[in-house]
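These protein sequence lines are chains A and B, in that order.
As numbered in UniProt numbering, residues 1 to 395 make up the first sequence, in order.
As numbered in UniProt numbering, residues 1 to 147 make up the second sequence, in order.
No lab work stands behind these hints: they were computed from the structure.
Keep in mind that a hint or two might mislead.
Just some of the chain A residues that point at chain B, by a computed CB distance under 7 Å [claimed, not checked]:
1. Arg138
2. Leu149
3. Arg152
4. Arg153
5. Val199
6. Ala200
7. Met254
8. Ala258
9. Thr259
10. Ser261
11. Ala262
12. Ala264
13. Ala265
For each residue, glycine too, the CB sits at the ideal point set by N, CA and C.
Spelled out, the chains give:
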Amino acid sequence: MSANRDIAILGVGMHPWGKWGRNFVDYGVVAARAALADAGVHWRDVRFVSGAATIRNGYPGQVAGATFAQALGWQGAQVNTSYAACASGSQALAAARSKILSGECEVALVIGADTTPKGFLKPQPGDRPDDPDWVRFRIGITNPTYFALYARRRMASYGDTLEDFAAVKVKNAAHGLSNENARYRKAFSAADVAASPMVADPLRLMDICATSDGAAAIIVSSVDYARRIGKAGAPRIAAISTVTPSFASALVEMPDIATDSAIAAPAQSFRAALPKKAYEEAGIGPEDVSVAEVYDLSTALELDWIEDLQLCARGDAAKLLRAGETQVGGRIPVNPSGGLACFGEAVPAQALAQVCELTWQLRGQAGERQVANATVGITANQGLFGHGSSVIVKR
Amino acid sequence: MSDVNPKTASVPALDGWFTLDCERPQLLGNRCAACGTVYFPKLKSGYCRNPDCDGEAFEETALSRTGTLWSYTNAAYQPPEPFAQVDKDAFKPFAIAAVELEAEKMIVLGPIVNGTGVEQLKVGMRMELALEPLADGKLTWKWKVAA
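Chain B on its own, in the form it takes in the complex (with noise of 0.2 Å):
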C-alpha cells in the first residue's frame, strides 16, 4: 500500500498481540505452566481457567505461524468502527479466516491478506502468519495461503 506513511507502517494495531518480524511473524499468547492450556489473546487475570487446574504462572510463549483453514468468509461491507473507515467507494470487501492450528489445538481467526478472496480458499488449505497494515497504516495480524 503505497499511500501509507512507512513512520507508522510497524505501528501494531495492538500491543504485545504479535511479533513485528514482517517476514516471520507470529502472534504472541501465554502458557500455562501447570496445565500448558495456551491462551490467545493472552490471559491477563493470572487464574488458569482450565476449571481443573489451579494455574497461576504462565509464560509469554509464540504460537505456531501456520495452521489449516477451518473456515472462511468474507466482509462485503465495511465494518464499523473502530475499524478504520475509508470512503463507502473506495472500500474492497475483504476475506477472512479461522485457522486450526495443531500445536496449540485451537482457532484463531483473523482477515486474510489483500489480492486473495473467497474464490481462491478452500476448508484444509495451509495457512500461514503475516502482517499487513489496515487503512490507518498499523500494522495487524493476517493470514494468507501458505506458500
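So that you can see chain A by itself, here it is in the shape it has in the complex (with noise of 0.2 Å):
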C-alpha cells in the first residue's frame, strides 16, 4: 500500500488501568480530554467519534460512540460504535480511517473505556446447550484451561518451561514499573511467580492477566490536516489489520469445545493471519519492526505472538527471551508498556492502549521504558468469536 494511505497521530490519551470502581464514561472522558489536549485540537473540530464498545456495561448500545460525545459536549460529529470483543478498539479505529481516507473528515476520536464487574467472568444464567459458551463450562473447561493447554502444547513442542514462562512476567513487570498508566507496578522474581497459586497447569495466577478499568483514546488525521498544523512528523498509522479466521481453525479457539475438521480445507493459524495482512497492507516486513505491543493474557501466549509476528522462527521466542532480546534494550523488545501483565485487560480500550504506547515509543516520550530509535511498531491481540487484530504504526 502507498503511504497516501497513511492517517496521522496527532493525540493520544489514557485513563490509568485499575479498579476504580467509577462509571466507564468518566474514564473516557480522561483519556479523550488527555488526547485532544496532546494533539493540541479543540472538541469541536472532531468531526468523527468513533467508539469501541462492550457488553458488558448492561445493554448493548450504552457503551458507544455517542455515550462519549454526549459526555463531551454534544457537537454534532459523525458517530460509530464497533464491537469485535478484544479488537473492538482496532475496528474503531479503522472506521475512523475509512472515514478520512474516503474524505469524509478530516479529524476523528478514537476512544475506548470500561469498567469490568466484579468476580469471575461466567456465562448468564439458564440452560443453553446450543451455546458452546455454556456449554464449556458445563463440562469444567474456563478461560485459563485454553491458555494453559498452548502453553503446556509449546513445552512439548519447542522444550519451553516454566521458568521460561515466568521469566515473561518478570520482564513484563520491570517494563511496566515506570509506566504511570499501568496498575500493578510492581517487580516480580521467578521466585514470586512459582509461589503463586497454580490456576492451570502448567499456569500459575502470576501467569494469567486479571481485568482492569481504564480507557484510551486516540485523535487522528488525515496526513495533510496533520502537516497543516505543524504536525507532518507525527507517527502513523500503516495498516489495520482486523481479517477474520481462515477455515479449518487450527486451534480450539475459546469458547469452542473442538478444531473445525480440516478434512476438506487444510488447518490454519488465525493468530499468525491477523500481523500477516498488516505486514502486506504496510509493505513492512517484521524485519523492520523496532517494537511490539502483544496481547499477553497468559505469560506463554506472549511467546506465541512473537512467533505469529515472525519476530522469529516458530519455536524460538524462548531463546530470543533468554537472550534479553525482548527486553528494552534488546533487539526487539515486546510490551515495552508492561503488557497486560501490568495493566490487566480493559477489553473495549486495551488495543487502542497498544497504538498509545507505540505512538509515544515512536516520539521518543516513553521515559525509563523507552525503546531506544524506534520507527516502527506493532501490536497484535485476539478475543472472542473470531475477533483479532493488528496495527502498524510508523514514523
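With the hints as a guide, bring both chains together as one complex.
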C-alpha cells in the first residue's frame, strides 16, 4: 500500500488502569481530554467519534461512541460504534481511517473505556446447550484452560519451561514499573511467580492476566491536516488488520469445544494471519519492526505472538527471551508498556492502549521504558468469536 | 461414585452429544455429504461452513473413539456454574485433555476421568473416550489414557 493510505496520530491519552469502581464514561472523558490536549485540537474540530464497544456494562448500545460524545459535549459530529471483543478498539480505528481516507472528515476521536464487573467471568444463567460458552463451562472448561493447553503444547513442541513463562512476567513487570498508566507497578521475581497458586497446570496465577478498568483515546487525522497544523512528523498508522480466521481452525479457540475438521480444507492459524495482513498492507516486513505490543493474556501466549509476528522462527521465542532480546535494550523489545501483565485487560480500551504505547515509543516520550530509535511498531491481539487485530505504526 | 443415584447416572448432561454405551462410548457429530467435513458438536444450521462448499445435507456420524493427546491441563479451582458445584472443601482438581482425532483431523476437548492427574500425562499418549458422571450425577464424555 502506498503512503497516501496513511493517517496521522495527532494525540493519545489514557486513564490509568485499575479497579476504580467508577463509571466507564468518566474514564473515557479523562482519556479523550488528554488526547485532545496532546493533539492541540479543539473538541469542536473533531467531526467523527468512533467508539469501541463492549456489552458488559448493561444493555448493548450503552458503551458507545455517542455516550462519550455526549459526555464531552454534543457538537454534531458523526458517530460510530464498533464491537469486536478484544479488537473493538482496532475496528473503531479502522472506521475512523475509512472516514478520513474517503474525505468525509479530517479529524476523528477513537475511544474505548470499560468498568469490569466483580468476580469470575461466567455465562448467563439458564440451560443453553446450543451455546458453546455454556457447554464448555458445563463440563468444567474455563478461560485459563485454553491458555494452559497452548502453554503445555509449547513445552512439548519446543522445550519451553516454567522458568521461561515466569521470565516473561518478570520482564513485563520490570517494563511496567515506570508506567504511570499501569495498574500493577511492582517488580516480580521468578520465585514470586513459582510461589503463586496453580490455576491451570502449567500456568499459575501470576502467569495469567487480570481484568481492569481503564480508558484509551486517540486523535487521528489526514496526513494533510497534520501537515497544516505543523505536525507533519507525527507517527502514522500504516496498517490495520482485522481479518477473520480462515476455515479450518488450527487451534481450539475459546469458547469452542473442538477445532474445525481439516478434512476438506487445511488447518490454518488465526493468530499468524492477523500480522501477516498488516505487513502486506503496510509494505513493511518483520525485520523492520523496532517494538511490539502483544496480547499477553498469559505469559506463554506472549511467546506464541512473537512467533506469529515473525520476529523469530517458529519455536524460537523462548530463546529470544532467554537472550534478553525482548526486553527494553534488546533487539526487539516486546510489551515495553508492561503488557497485560501490568495492566490487566480492559476489553474495549486495550487495543487502543497498545497504539498509545507505540505512539509514545515512536515519539521518544516513553521515559524509562523507551526503546531506542523506535521507528516501526506493531500490535497484535485476539478475542472471542473470531475477532482479532494487528496495527502497524511508523514514523 | 457411590453417592450417585443410579436412576440419573444414565442421563446425559448434553442430549445427543454422545452414545450412552458405557463400555465403548462415541461422540456424535455430523458430516457434510458434499465435502466430508465433520462437525462436533453437530452443525445445526444446515449450511456447511467450508467456504468452498455449498453442502446442505448432513448425516449423523460417530467420531473415532481414540486419538492422540495434543495437550493437557487441569482445573485447580472449581469452575463456575453451570459446572455442577460441590462444597469448596470437597472439590478435587481434575485434568483436562485436548485430543487429536486423526481420521476427523480435529482436536476435541474434554475432562479426563477421575483419578488421572497431570503428572500421569504426556503429550502424544493414546487416549480413548469414556463416560463419567459430573457432581450432579449427569453423564459427560471424558478422556482416559488408552488401555
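Hint-by-hint comparison with the structure:
Because the beta carbon of Arg138/A sits about 5 Å from the nearest beta carbon in chain B, less than 7 Å, this interface hint is met. For Leu149/A, the interface hint holds, the least distance from its beta-carbon to any beta-carbon of chain B being 4 Å, beneath 7 Å. A hinted interface residue such as Arg152/A counts as satisfied when its beta carbon comes closer than 7 Å to some beta carbon of chain B; here the least separation is about 5 Å, so the hint holds. Taking 7 Å as the C-beta contact cut-off toward chain B, the hint placing Arg153/A at the interface holds, the least distance being around 4 Å.
At about 6 Å, the closest approach between the beta carbon of Val199/A and any beta carbon in chain B falls short of 7 Å, and the interface hint on this residue holds. Annotation: Ala200/A was flagged as interfacial toward chain B, and the flag holds, the nearest CB pair being 5 Å apart, inside 7 Å. Here the hint on Met254/A is broken, as its CB sits about 11 Å from the closest CB of chain B, past 7 Å. Annotation: Ala258/A was flagged as interfacial toward chain B, and the flag holds, the nearest CB pair being 4 Å apart, inside 7 Å.
The closest approach between the C-beta of Thr259/A and any C-beta of chain B is roughly 5 Å, which is under the 7 Å cut-off, so the hint is satisfied. Given the 7 Å rule on beta carbons, the hint for Ser261/A holds: about 4 Å separates it from the nearest Cβ of chain B. For Ala262/A, the interface hint holds, the least distance from its beta-carbon to any beta-carbon of chain B being 4 Å, beneath 7 Å. Because the beta carbon of Ala264/A sits about 4 Å from the nearest beta carbon in chain B, less than 7 Å, this interface hint is met.
For Ala265/A, the interface hint holds, since its Cβ comes within 7 Å of a Cβ in chain B; the closest pair sits about 6 Å apart.
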